[in-house]
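Novice: Protein sequences appear in the order of chains U and C.
My numbering numbers the first residue of the first sequence as 1 and each following residue consecutively.
My numbering numbers the first residue of the second sequence as 1 and each following residue consecutively.
Take these hints with a grain of salt, some might be off.
As the list claims (entries may be wrong) - Only pairs whose alpha carbons sit at most 27 Å apart, straight line, appear in this in silico DSSO-like list of lysine-lysine:
(1) U/Lys246 to C/Lys87
(2) U/Lys254 to C/Lys10
(3) C/Lys2 to C/Lys67
(4) U/Lys246 to C/Lys165
(5) U/Lys295 to U/Lys246
(6) C/Lys87 to U/Lys286
(7) C/Lys119 to C/Lys153
(8) C/Lys139 to C/Lys153
(9) U/Lys226 to C/Lys87
What the hints assert, rightly or not - Listed below are several chain C residues computed to face chain U (Cβ distance under 10 Å; list not exhaustive):
(10) Glu11
(11) Leu12
(12) Asp15
(13) Lys18
(14) Tyr19
(15) Asp22
(16) Asn24
(17) Ala80
(18) Asn166
(19) Val168
(20) Ala194
(21) His195
(22) Thr218
(23) Gly219
By construction, these hints were calculated from the structure, which means they are not laboratory data.
Quick reminder that beta carbons are idealized off the backbone N, C-alpha and C, glycines included.
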Amino acid sequence: MGTMTRLLNKPLKTFAIYSLIILVVSIPVYVFVVDYIWINELDENNWLTLQHTKQKLQSKQFTNDEIEQINYIWGELQPGVSITKVWGKSIPQDSVYEAIRPNKYDLDDGEDRFRCLKSYIEINGQPYQLTIETNVEESDETFVAVAVVTLLFFILLILGFILLNRRIATKTWKPFYHTLRSLQSFELSRDSVLNLSSTDIQEFQELNQSLELLVKKNVDTYQQQKSFTENASHELQTPIALLKSKIDLLFQEKYITPEMLVILNGIEAPLLRLSRINKNLLLLAKVENHQYNEKEQLNVNSYIESSLSLFEDYINDKNLIINNNIKDPIVISANSFLLETLINNFLSNAIRHTTSGGHIAIKLEDRRLFFCNSGITALKTRHLFERFSTTSKDKISSGLGLAIIKEIANKYNWKVSYCFENGYHTFILAF
Amino acid sequence: MKILIIEDEKELAADIVKYLSDENYLCEIAATYEQAAGKIFAYDYDCILLDLMLPGGSGLQLLELLKQENKQDGVIIISAKNSIDDKVNGLKLGADDYLAKPFHQAELAARVEALIRRKQFDSNNIIIQNELSVDIHAKTVMVNDKLVSLTKKEYDLLLFFIGNKNRVLSKGALAEHLSGDFADMFDSHDFVYAHVKNLKRKLKEMGYIGRIKTIYGTGYKWEQ
Chain U
1 MGTMTRLLNK
11 PLKTFAIYSL
21 IILVVSIPVY
31 VFVVDYIWIN
41 ELDENNWLTL
51 QHTKQKLQSK
61 QFTNDEIEQI
71 NYIWGELQPG
81 VSITKVWGKS
91 IPQDSVYEAI
101 RPNKYDLDDG
111 EDRFRCLKSY
121 IEINGQPYQL
131 TIETNVEESD
141 ETFVAVAVVT
151 LLFFILLILG
161 FILLNRRIAT
171 KTWKPFYHTL
181 RSLQSFELSR
191 DSVLNLSSTD
201 IQEFQELNQS
211 LELLVKKNVD
221 TYQQQKSFTE
231 NASHELQTPI
241 ALLKSKIDLL
251 FQEKYITPEM
261 LVILNGIEAP
271 LLRLSRINKN
281 LLLLAKVENH
291 QYNEKEQLNV
301 NSYIESSLSL
311 FEDYINDKNL
321 IINNNIKDPI
331 VISANSFLLE
341 TLINNFLSNA
351 IRHTTSGGHI
361 AIKLEDRRLF
371 FCNSGITALK
381 TRHLFERFST
391 TSKDKISSGL
401 GLAIIKEIAN
411 KYNWKVSYCF
421 ENGYHTFILA
431 F
Chain C
1 MKILIIEDEK
11 ELAADIVKYL
21 SDENYLCEIA
31 ATYEQAAGKI
41 FAYDYDCILL
51 DLMLPGGSGL
61 QLLELLKQEN
71 KQDGVIIISA
81 KNSIDDKVNG
91 LKLGADDYLA
101 KPFHQAELAA
111 RVEALIRRKQ
121 FDSNNIIIQN
131 ELSVDIHAKT
141 VMVNDKLVSL
151 TKKEYDLLLF
161 FIGNKNRVLS
171 KGALAEHLSG
181 DFADMFDSHD
191 FVYAHVKNLK
201 RKLKEMGYIG
211 RIKTIYGTGY
221 KWEQ
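With the rest of the complex left out, here is chain C (with noise of 0.2 Å):
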């Protein structure tokens, strides 16, 4: 899978290859508009992060220009500009997803891996993990064959584990995936634990045992 970051501020390019690159994902960086421009002419990727304020451009202008090649990449804003004429602006010029900065890098994984996901236009919609199975368009959730009844959140948090294999995920970053950008107006987020806790319930009582680890203070891993 190949990812172009396209991101001027280098230390946070460099943080999102170094958090993605334990999955199958080659990274690659664009820090101008004319580097960025440059790679969108010669090379094909499965996911493009864009960031909308670039030396030499706007990010906006690469999407028209992705438009005009007929390029199927996926894209992601990942923006500072946190207004809603620039999402629906990013969105209408062809943007699959926006996220605005500042983000969690694990929400940050879940998505470009939901997007690589619904790319893939071939392969059926349905994620394999060991026993577990997860239909993508169906929603449903199954265990040896045997459908596990799981609430919508119950399901958001499944997938975003799944989307974030064998990382430590807080629970500040997990409230945030469930409740939006709002989470960070409360100081509270026990109600994670009791989401965690009914997952876990739920997956064990089908047999699928020990997936999901507690890391003392901090949160969870899904570990594979």
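Chain U on its own, in the form it takes in the complex (with noise of 0.2 Å):
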């Protein structure tokens, strides 16, 4: 799947690469609007401030020695104001620039950026240049404070984004949420009905509707097929049940034949086969509807031990060597039947599919249960618990019985499983 992203987070992140790059932009942005303003402020205050002195130099009639006095205390006083006689014929016309200084006070890096306004004035028909410089701040200062701040408010944005997101995912997406948990924990087997909680949500009320409309079919289906298989079953006992004492009646006939006899037992064979099936097909049902439901505290020692004494008979025809290797008592809570069945269809199992002078061994490591037998190929994993995936050419072999197991142990949340190792088919179940 690589790597996954939760919905939330991915307009997160464009979210926040957007505002990143905005933020970023706008800082340049933002130093140009300050310089302007403040350029053009400190313009309008130069030209006032020389408006004023203007107006009242010409109306307080110094002498050219005063105004000398004059430049030389605003020199001491305040050095961003000056006066200084012009040398020269034409007088030139008015200017505003940008001046660099240095400055002793300034700790960064001792300069300063001025804004000057250089204009002239005639005093006693004298000209004097009249020079005004207001220290500015410097673009670069600008910029590293625009900057950090603008960062500030990045960082703000993002933290505002991350909680407004798990305020949104918590509040707003919990009922989907809630929809997904509800899907992954539904098991056709085991519930009939998905219960979704309602929302005020559009969609997702929507996708709830057609979500449990799909799973209402799913189950009707599901459980069509299941009381089917199961009235199918008992339907088939009784023709079963008269087939059989049919064909005992009619070995008793007196005129009966060897030739007769051999198709006689040609019949019998089958039926007891289909009869198998037959009952396997409804221990199946009961058990997937939920019968059987009693349980019980019970040593499953001793169903092995009293299924291989069962089975005693069939273990001595194949000379087979068994090795139950279970000392002590394995306690277990389960239904005393099915657990019976379980043993006994693991050992018959073993019992059918071993060659004659084969081994068998019962051992347990850890609540795991291992019946291995012996054996030469490896069966196929992939279907080998299904129904009828039967692998044998077995002509008794109703293609259940793993089934069974597989359906017993789910009953119960155990695990069986399938392994070939060192020549011995081995099953495993883990409770």
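Quick one: dock chain against chain with the hints and give me the complex.
Specialist: Structural data, given as structure tokens:
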């Protein structure tokens, strides 16, 4: 599946990247705007100061010496303003400019940017140059300040996104995640209805309704199929019983020939198989339909022993060597009939599929029961535990033995598995 | 001996009658709950074969009825409802035995015979077949007053044969009798042959010859 992203993290990432781009772009724009306003203001301020100064200078009728004196005092007290005599015939135009000057009070770089206004005035027929300089923040300093503030806001924005996202996730998407969990835990063989909580979000409500409908249809079909199996095998029981009893009666007929007996035997064998399949189908249906629900504390050990003695004749018939390594009692909670069926199926399977003189071993390793029987090639594991997936050509096999084992194990949440190791077919029941 | 067969499947009831009629049995059939209840009220039977699912009521109700009436009839439940609940409930309500359908007629006949034998308190518990005698209580077999030592399976086989005198018993029926319900899990029942052979040999050693006949390709027959 690769790396998966949760639905809500997708827009979060995009939003974060988008806001980062916008904020980064905004930094120079802010710097430019701030600088522009700043300089305009200063120019206006310089111009006002100039007008004021000009007016005062002209109305006060200062002598040339007094002008010198003023310039000297200004220079001492307020270095931003100066008035100096101009030597020359023509008077130049007013000018506005920027100057960078060293400043011993500036601790950063020892430099300052100044916004300057240069103008000219005639006092007592003598032209004077009037200069007004105002300190202005350098634009790189503005840039740093704006960038720092912007970054701060970006962090706030992201934190806000994450928090809001979480809130939305827990509130708005709650019904969605609830639906998801309900679906994940739903099992057709166990649950009959899918219960989804109602929500005020239209899309989710529609989703839930569609899902409930879909599941209901599936459950109905499944139930029909289940009850069909059970009904069918119920109905088959009587004809099978009749056939069996008719054959028993035919065997007793006086004028029956050996040839007829051979044919009769030929009927009896498949009938036996039919009867077994039917019995197993009925058993499967009953386990599926949650019958056999009574539970007791049972000792697996004694079930294995009674099963071995039940099959003693078949074991001796094939000269099989049985190693039952289970000594201590294993107590589990289960239905007696189902446990008996489970153990009998494991063992009868092993006995049937072991060639004469083979080995069967039964052992326990931390709550795992092993049934091993000697064999030559591994079985195909793919559909091993499915119904009628029998791999053998065995005439008696109902094809349901392992399916029954699986079904009973499922009922109690036990696990069954198969492997082929060192020449042994090994079936493992983990409980 | 009177036997009441309570079974709604007429064909099956007729087969049972036919199979059992060779013996000294008088069989009657009841196909519904009403008929069965009527017969149970009116007569005493040595053995009742009882199907649980009947038109008009349940076989378990009939068991309750028998109990109320203090009847001593022996009851064998024969039911297709092969469920442990039915078996347990039936036995709790006083049934003596339980046989799940489909069954071999031979198995039913042996169970009927065993039940009737158990119910006859007055007689002693010894079956006598010419020179052969079987003590049911002590589970011992004597031929000409000499003890025959049999394994449990050989003893079971002998009783099964005696319960089915002059009838052909298939290997399948014999295997099912010896190994129970799970015999049908196996395709080979050769062990039956070994047990029968041993039984024959042991009886022969004591001078009891030729009762068990081999029927070609099918099974065996106890001839009396």
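Novice: Now look at each hint and say whether the structure bears it out.
Specialist: Verification of the supplied hints:
For the suggested pair U/Lys246 and C/Lys87, the alpha carbons sit about 25 Å apart, so the restraint of at most 27 Å is met. For the given pair, U/Lys254 sits about 24 Å from C/Lys10 by alpha-carbon distance, which is consistent with the 27 Å threshold. Note on C/Lys2 and C/Lys67: the hinted pairing holds, with a Cα-Cα distance of about 19 Å set against a maximum of 27 Å. Restraint check for U/Lys246 and C/Lys165: the C-alpha separation of about 19 Å stays at or below 27 Å, so the hint holds.
Simply put, U/Lys295 and U/Lys246 have alpha-carbon atoms about 39 Å apart, too far for the 27 Å limit, and the pair is violated. About 16 Å separates the Cα atoms of C/Lys87 and U/Lys286, which keeps this hinted pair within 27 Å; it holds. With a CA separation close to 24 Å, the supplied pair C/Lys119 and C/Lys153 stays within the 27 Å bound. For a cut-off of 27 Å, the pair hint linking C/Lys139 to C/Lys153 stands: about 12 Å separates their Cα positions.
Our distance criterion of 27 Å between C-alpha atoms is met by U/Lys226 and C/Lys87, whose separation comes to about 24 Å. The closest approach between the C-beta of C/Glu11 and any C-beta of chain U is roughly 5 Å, which is under the 10 Å cut-off, so the hint is satisfied. Checking C/Leu12 against chain U: minimum C-beta separation of about 6 Å stays under 10 Å; hint holds. Checking C/Asp15 against chain U: minimum C-beta separation of about 4 Å stays under 10 Å; hint holds.
Hint status for C/Lys18 relative to chain U: holds, with the closest Cβ pair at about 6 Å, below 10 Å. At about 6 Å, the closest approach between the beta carbon of C/Tyr19 and any beta carbon in chain U falls short of 10 Å, and the interface hint on this residue holds. Because the beta carbon of C/Asp22 sits about 8 Å from the nearest beta carbon in chain U, less than 10 Å, this interface hint is met. For C/Asn24, the suggested interface contact is broken, since its CB lies about 17 Å from the closest CB of chain U, more than 10 Å.
About 4 Å separates the beta-carbon of C/Ala80 from the nearest beta-carbon of chain U, less than 10 Å, and the hint is met. Taken as an interface hint, C/Asn166 checks out: its beta carbon lies about 9 Å from the nearest beta carbon of chain U, inside 10 Å. Interface restraint check for C/Val168: the shortest CB-CB distance to chain U comes to about 4 Å, inside 10 Å, so the restraint holds. Annotation: C/Ala194 was flagged as interfacial toward chain U, and the flag holds, the nearest CB pair being 8 Å apart, inside 10 Å.
The beta carbon of C/His195 comes within 8 Å of a beta carbon in chain U, closer than 10 Å, and the hint placing it at the interface holds. With a least beta-carbon distance of about 5 Å to chain U, the hint placing C/Thr218 at the interface is held under the 10 Å criterion. Nearest Cβ of chain U to the Cβ of C/Gly219: about 8 Å, under the 10 Å cut. The hint holds.
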